[in-house]
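Colleague: Using the hints provided, position chain V relative to the given structure of chain W.
2 protein chains.
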Amino acid sequence: MANPLDYIEEKHPQGFTVRYEATELLFEGQSEFQNVKVVQTKGFGKMLLNDDLVMVTEKDEFVYHDMIAHVPLFVHPNPKRVLIIGGGDGGTAREVIRHPQVETCVMVEVDQMVVDACKEFIPQTAEAMSDSRVDLRIEDGVKFMKESEMTFDVILVDSTDPIGPATPLFGEEFYEDVFTRLADDGIVVAQGESPFYEQTMQKKLISLVKPHAKHFAFYNFHNMTYPGGLWSFLFASKKYHPTKDFNARRVAESGMSFQYYNAEMHTASFALPEFQSSMQKAESYGKTCE
Amino acid sequence: MANPLDYIEEKHPQGFTVRYEATELLFEGQSEFQNVKVVQTKGFGKMLLNDDLVMVTEKDEFVYHDMIAHVPLFVHPNPKRVLIIGGGDGGTAREVIRHPQVETCVMVEVDQMVVDACKEFIPQTAEAMSDSRVDLRIEDGVKFMKESEMTFDVILVDSTDPIGPATPLFGEEFYEDVFTRLADDGIVVAQGESPFYEQTMQKKLISLVKPHAKHFAFYNFHNMTYPGGLWSFLFASKKYHPTKDFNARRVAESGMSFQYYNAEMHTASFALPEFQSSMQKAESYGKTCE
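Protein chains in written order, with my numbering: chain W, 52 to 341; chain V, 52 to 341.
Same shape as in the complex, but just chain W:
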């Protein structure tokens, strides 16, 4: 092995550190934006870390990618034009293009190094980026949103945490541009952080979509390798309600199979623990989904 490794650690400011047993550092580089690593772990397959935070592991990436893609794509009746901001590992694009209505999936990733590292070491997610419907652009997502003249049916903000290169993706100006580029019946889904640890950021995300959306709501999923295990996406739409405008029959009729997502989980994921549900109600005064 070129670069043997015993473990890789993820430190959390909330008072704990997770140490993953590993065998090899497959890649490490410092891009213009961040430190990028791919590690062969013992328990989770290959693992991508940006600035030493776990982004993707082969073992549990199916949860995140099922939930960011299939929830909006099974609500929108005809999602032809999909935009992914971030998502350089390719997993979100992989799930998006399983939907036959999707004609084009524009993917705007700021960091070429993430794309290259995943293409070389994590084909499980990265292979989708070679599909002819995926229009990969290495470009700043904020700049793209401001300058683009395209209109999208679904926009997925598949960002890292609001530190480092992804910080502007948690800003007011960015969301104004997102809703400008969204079709009148469009849906936005954004990586929504941890309900347990990031209540302040969840409140901020609500404040960013509230002026533009008719319906918005957090939905939750369980990632093994995200701190606390419980994680959120924020759904926001100018037209569609995430559960009332969802027809479970479409999932069955699609013939698609999943490891995590299913029609019951779609609806159930919008049920929130009381502490998060009451925060959402308080922050959205009457404009929430329920």
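Read the hints as simulated data drawn from the structure, not as lab findings.
Mixed in with the good hints there might be a few duds.
Just so you know, same-sequence chains aren't split out, so a pair can sit in one copy or run between any two.
What the hints assert, rightly or not - With a cut-off of at most 30 Å between alpha-carbon atoms, the simulated DSSO-like pairs for lysine-lysine come out as follows:
1) 197 / 131
2) 255 / 170
3) 295 / 332
4) 197 / 62
5) 170 / 265
6) 131 / 289
7) 93 / 255
8) 62 / 93
Modeller: Frame of chain W; chain V shown alone:
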């Protein structure tokens, strides 16, 4: 500080270790059954560990205790007699006795040391054990189930993992006795392990309740300090369906407030990720809840 400590570690056979920053070892003892520790952590308040596995933390114990108690107690129309097997920290009893219909809550904990350590250091959960309706018995749960002549409306198997002293609580004979001591319209809820990591044990739990129950199903919750974040309980009843016989109005009318549980979460928690749902369907051939 009597016993300063920098951290406490939990090692997982699945290839990772969680290191919790700590300040003090408040208690350590070796009982007849297990090693018992109470640690003052930086991020999670006081933490109880049995054989170096995290059992309870002050910060997130509300999730587990809400979900083990309120799901069955809001399904059963008149839960007068409740039995807890295990649960020596007292958190389950605390939530059980919030229900005014409960006349007696028998609690059978094998390890006096756990009870004493929690009473001294974690009153947040342990205080309930002083309530007059709680009948605490320091006794082996398997022996109690075999010898008892009492009948219960709700039986909660609040056990540790199937290693060490709790191993017989995952056995056929124990479940035969549980259902013998259960009223004809009784409900059993058992700690159901991790859907991600313990699929074999989840299959075994189904096989244990299937011969005795009319309805049974796993339901999930998200614990910050359990490995993988996602965890299960198994609901089983001779009469009641966990969602069809659940009336959300009862929760509102109870006037009770929760941090995690609510009527939406009650129903949503029975929606399972596809990999777990298909396992449940396969193992229960037509006898499952759906």
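Colleague: Could you run down the list of hints and mark each one as holding or not?
Modeller: Each hint, compared with the structure:
Only within a single protomer do residue 197 and residue 131 lie at most 30 Å apart by alpha-carbon distance; the minimum there is 21 Å, versus 63 Å between protomers. Within a single copy, residue 255 and residue 170 get their C-alpha atoms no closer than 34 Å, and across copies no closer than 40 Å, so neither meets the 30 Å cut-off. Within a single copy, residue 295 and residue 332 get their C-alpha atoms as close as 18 Å, and across copies as close as 27 Å, so both meet the 30 Å cut-off. When the C-alpha separation of residue 197 and residue 62 is checked against a cutoff of 30 Å, the pair qualifies neither within a copy, at 35 Å, nor between copies, at 47 Å.
For the identical chains of this complex, residue 170 and residue 265 are neighbours neither inside a copy (38 Å) nor across copies (50 Å), given an alpha-carbon limit of 30 Å. Taking identical chains as interchangeable, the C-alpha atoms of residue 131 and residue 289 lie at most 30 Å apart only when both belong to the same chain, with a minimum of 17 Å there against 49 Å between chains. In this homomeric assembly, residue 93 and residue 255 come within 30 Å of each other (Cα to Cα) only across copies, at 26 Å, whereas the closest approach inside a single copy is 37 Å. In this assembly of identical chains, the alpha carbons of residue 62 and residue 93 lie at most 30 Å apart whether taken from the same copy (19 Å) or from different copies (14 Å).
Of the numbered hints stated above, those contradicted by the structure are hints 2, 4 and 5, listed in ascending order.
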